[in-house]
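These protein sequence lines are chains V, G, A and W, in that order. In terms of this note's numbering, the first sequence opens at residue 1 and continues consecutively. In terms of this note's numbering, the second sequence opens at residue 1 and continues consecutively. In terms of this note's numbering, the third sequence opens at residue 1 and continues consecutively. In terms of this note's numbering, the fourth sequence opens at residue 1 and continues consecutively.
Just so you know, these hints were derived from the structure itself, not from any lab. All the pointers check out, no bait thrown in.
Any copy will do: because identical chains look the same in the list, a pair fits if it lies in one copy or spans two.
Quick list of in silico lysine to aspartate or glutamate cross-link-like pairs, EDC-like style, CA-CA up to 16 angstroms:
(1) Lys250 <-> Asp275
(2) Lys225 <-> Glu244
(3) Lys225 <-> Asp253
(4) Lys195 <-> Asp234
As the structure is a prediction and not an experimental result, all values here were calculated from the model.
There are 4 protein chains.
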Amino acid sequence: MLSVGIIGYGYWGPNLVRNFSGIDSIQVKYVAEPNPSRHSVIKRNHPSIQIVLTAEEMLKDESLDAIVIATPVSTHFPLAKQALTLGKHVLLEKPMASSVAECEELIQIAEDKGLTLMVDHTFLYTGAVQKIKQIIDSGEIGELQYFDSTRINLGIFQNDVNVLWDLAPHDISILSYLKNEMPISVNATGISHLKNGIENIAFLTINYASNFIAHFNCSWSSPVKIRQTLISGDKKMILYNDIEPSEKVKVFDTGVGIKSDADRNKLLIDYRYGDILIPKLSTHEALQQVATDFIESIESKKAPLSSADIGLHVVRVLEAAEKSINQKGKEIYI
Amino acid sequence: MLSVGIIGYGYWGPNLVRNFSGIDSIQVKYVAEPNPSRHSVIKRNHPSIQIVLTAEEMLKDESLDAIVIATPVSTHFPLAKQALTLGKHVLLEKPMASSVAECEELIQIAEDKGLTLMVDHTFLYTGAVQKIKQIIDSGEIGELQYFDSTRINLGIFQNDVNVLWDLAPHDISILSYLKNEMPISVNATGISHLKNGIENIAFLTINYASNFIAHFNCSWSSPVKIRQTLISGDKKMILYNDIEPSEKVKVFDTGVGIKSDADRNKLLIDYRYGDILIPKLSTHEALQQVATDFIESIESKKAPLSSADIGLHVVRVLEAAEKSINQKGKEIYI
Amino acid sequence: MLSVGIIGYGYWGPNLVRNFSGIDSIQVKYVAEPNPSRHSVIKRNHPSIQIVLTAEEMLKDESLDAIVIATPVSTHFPLAKQALTLGKHVLLEKPMASSVAECEELIQIAEDKGLTLMVDHTFLYTGAVQKIKQIIDSGEIGELQYFDSTRINLGIFQNDVNVLWDLAPHDISILSYLKNEMPISVNATGISHLKNGIENIAFLTINYASNFIAHFNCSWSSPVKIRQTLISGDKKMILYNDIEPSEKVKVFDTGVGIKSDADRNKLLIDYRYGDILIPKLSTHEALQQVATDFIESIESKKAPLSSADIGLHVVRVLEAAEKSINQKGKEIYI
Amino acid sequence: MLSVGIIGYGYWGPNLVRNFSGIDSIQVKYVAEPNPSRHSVIKRNHPSIQIVLTAEEMLKDESLDAIVIATPVSTHFPLAKQALTLGKHVLLEKPMASSVAECEELIQIAEDKGLTLMVDHTFLYTGAVQKIKQIIDSGEIGELQYFDSTRINLGIFQNDVNVLWDLAPHDISILSYLKNEMPISVNATGISHLKNGIENIAFLTINYASNFIAHFNCSWSSPVKIRQTLISGDKKMILYNDIEPSEKVKVFDTGVGIKSDADRNKLLIDYRYGDILIPKLSTHEALQQVATDFIESIESKKAPLSSADIGLHVVRVLEAAEKSINQKGKEIYI
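The shape of chain V in the complex, shown without the other chains (with noise of 0.2 angstroms):
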């Protein structure tokens, strides 16, 4: 039976702590978290797994086979490569690490160990977004043209990483998964109104070879919550709501035909606007989903959905914005 630890047990880590207790096939061993004043609360939801103060100390348990990192974004470097290198299989949370560099080595550590490595991108494994590359891969939108996101709240300020770091993984991961394009390039601008110069408000342009643009907005200071993607095809056109309860996925049928017209020298556009469609979605936990294939790649030695290279893919975008932030909005290359 394979046995796993959770290191961290702060916003996200009971949550994975539960989805991997619901895996029957499994052992959850270990929990480490620093503070001794979260640890009642563990014994009280999960009396049967061992609770420790430091990550080291499930480490060195040479039969735990898995462990799951959700500590800050700093920290995930180090922690993995040593799990890694101590033979484990590693599941981060999101993002995947803090620069490139971290995620590249990360990688050649897993690939030369042959061990399961895997991003916690957990809106990859939603209803809607299974649904929207459902509908992108059967071409029904036709050829792709932009993807417009919008991730904004009242949100807990993170003292470590920009806003961007905090919330644009979430849709750029998306992206990466719904398309599989390398980017060119990136703009990003954004602002600080903290005393720490860590930008709350940041908006991010992607650049691509082909003929297609994806653009970012993300802020901690919106009055209203706002989790909204555009993704439009040549064909039809998809808005993705995250915040509606029952109508998350809307497919437009609706497009834009042009006919050059050289008599009247200017163009003449086809507006098309047809009916739209409300798919109906799955609606299991996505979290417990995201466990399971981790479990299910460990076993069977498949790369995961949401696999270290989405997770690079994430860094690499992240880390270049943050150039053209401190470049003014330069256009920074990928």
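On the provided structure of chain V, position chains G, A and W as indicated by the hints.
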């Protein structure tokens, strides 16, 4: 009795004719419209107005006091220059002209001749923007932090100007009216899915010397119509949703107070989230007030609210934005 | 060329005059309006139409073919009777008349004289209701189960009829059009907060021989405007939200299948909840089609879609509903 | 230390157990659940609670102070009677019991024995209802005019009680809490699309001696989930939309003032439509406060907010409503 001529009876012209006709103290003497098939409509709706084919025909009437120009942007400058030179007051549709140089020349002529030169930024006269202006000026929302506007729909593609020149004047003029600070620079990115290479989607950031940022998302290719602006102060925040029939302006008693906490060497954030107020707005027709402001500005030699200065400000930003798009998002100083 | 006279230029009259004037094959000869202060508006908008103070003045013109009556309900019967007796076709605003007896007498006269008698239930001609009719008739939603309508707002209180006579004709006519079954009885309750004792809020249930029920919630005293109807079949359900600008009709692939399970002696419910479809609707102006249908019905001696029978059906329900309110909700047979 | 036993671990039971377990000053000693397959879940979540199969097993424990009954309605009376007779305080799920007679007998026993008898009308403890109560009691909205509630969804059909007994207790208890006036009578209509003849849709009007009316629209067969109540005073009106995540309560500064105008022999209505306020609501968990109120009522011998009197009021209305449905909407006196 002041006499007015209106050039162009296309999309917006009929609204201008109707609203100027509603002012009892003036006479709408001419409408110029080159397309003869439109003349019967003008005649039916306004039997007493003289219809001419060209602007020249009305401009040669020395008794004509003022003209309103509702023609394509590229014709704004020559028509307005000719009219001002002939001593006529001028109201221009937005955007004011095709370049900063053109705007500045028009302003100079008007000043030299003591004529009223005004730009029809209709939104400034809406109940919503008037209320927002009043709230900001009262100090209630504190120091302005950001302005974030989204104006997207499945739009009528223009074939002479890109989506920024078409849609952004609304929001840039509102911003210019609400915040009395000249921008330092802009960054803009965009894409064209049209054969003529004109951008149908564009994203614009405006940078300021103060700790304020403005962002604009404009698109002719969205399946949903969104006209939404967030205007945030350090005390309260405003959501301006122009699509909402009865709740266009929401004032959120929401703020984030920051206190540094040296001991723990990190930032503590004190969130406040309080009542929301939806103020009653005046429901007058904005364009009626544009027409009235133009006439009153002529009569009393005052500067209109939607002044040529705001018109110039808008074109200044647009000109820089277009440069930035052409230079791959590079920061362009204003 | 068919000639038409319109009686009443109050709230709805201008729309009727405009739409009948838009039909090239007929002539709008007269508008009768007792309030002289309205005459200048008519003259300005429709310089070629003859304006008279009383209906009598136009009815005495023997060459006049048809009249449209847009006056208070209490005057519908005498005006229509006089016009029909004089051999003129009649289009009546809703509700058709003040009582079933009046409606039946008008229908009899029209039949005897071979004249077109039509009631302006405008909603029947909207893209939304036309689409719903088509969906129901296709059998797609299965056997109809219920019709539940809410039509409330902060309304213009009428001082001659209660809120049911004012607002319910819209929904009762829609129901009558969609479902071809005579009701058995009604129950209604209501309240008046006005000094004149006229109900400003009322609730109406219509009972049928089949296993179908209809309910109507009408109010002039709601702070929010709601115009929403649920129409359910045993296979699919329709939400018709007339306030929605672009998503007025939603078809839910939702049903509840029931299988009795004797063993466990209770009902098992098999829920299905599937896709939602928002069909594209025709965006014509409904009143234009009302006018056209009236003219075509005269010309081709066919029954109009919004027939006198539907008008009578509506008044039958309203008359019974008023009795039920007066008898404290007692079931009143129709 | 007060000890509590909870009967029933079905739909609502787990929430009760969790919330009572969260009160440090008491001990949740037993959970009774007849279905053995549920026991492992209870054990996992609450390892220290004793699990029994029947209520009898916990009731025979003389040291047990209080019980909470979360079982089907038909079992409420016998279980509560037994518990009260044995001297235990009782919290009953809504509705309190199956008849007025049952409720009255329970109240009598509790009174005779000096025991706390409370009904879990959870909604009374929500931030929304607490805020509405406060607004009404302040006199701000003036004299109450109507209460109009819609609670519809695609629901879990009950097989022992109809939709009114299932859904209306929420809204009737809220009304009873907000307005301290006994109704005079009710009218109700409904329909069953189920083989067992239990109404899945029902409409209820409650009549009062004062010029106030209440209406309830309840359905298990709606494709959309609506939980919306209008509460109107003669000065202001409240919209309570329980589905809204952040704008549950809206207060409209809206009213209609009426002045009779003898001269024109009709009513003049003076509409006011002003600001809308969305007050900040407390976001506590309502059920936690139910549990706390029950314990405090026992300890301090005070009447709980969600008293047995409100529970009785609700059943009184439901019993009359069922009679009215069976007598085709006839007014039934209470």
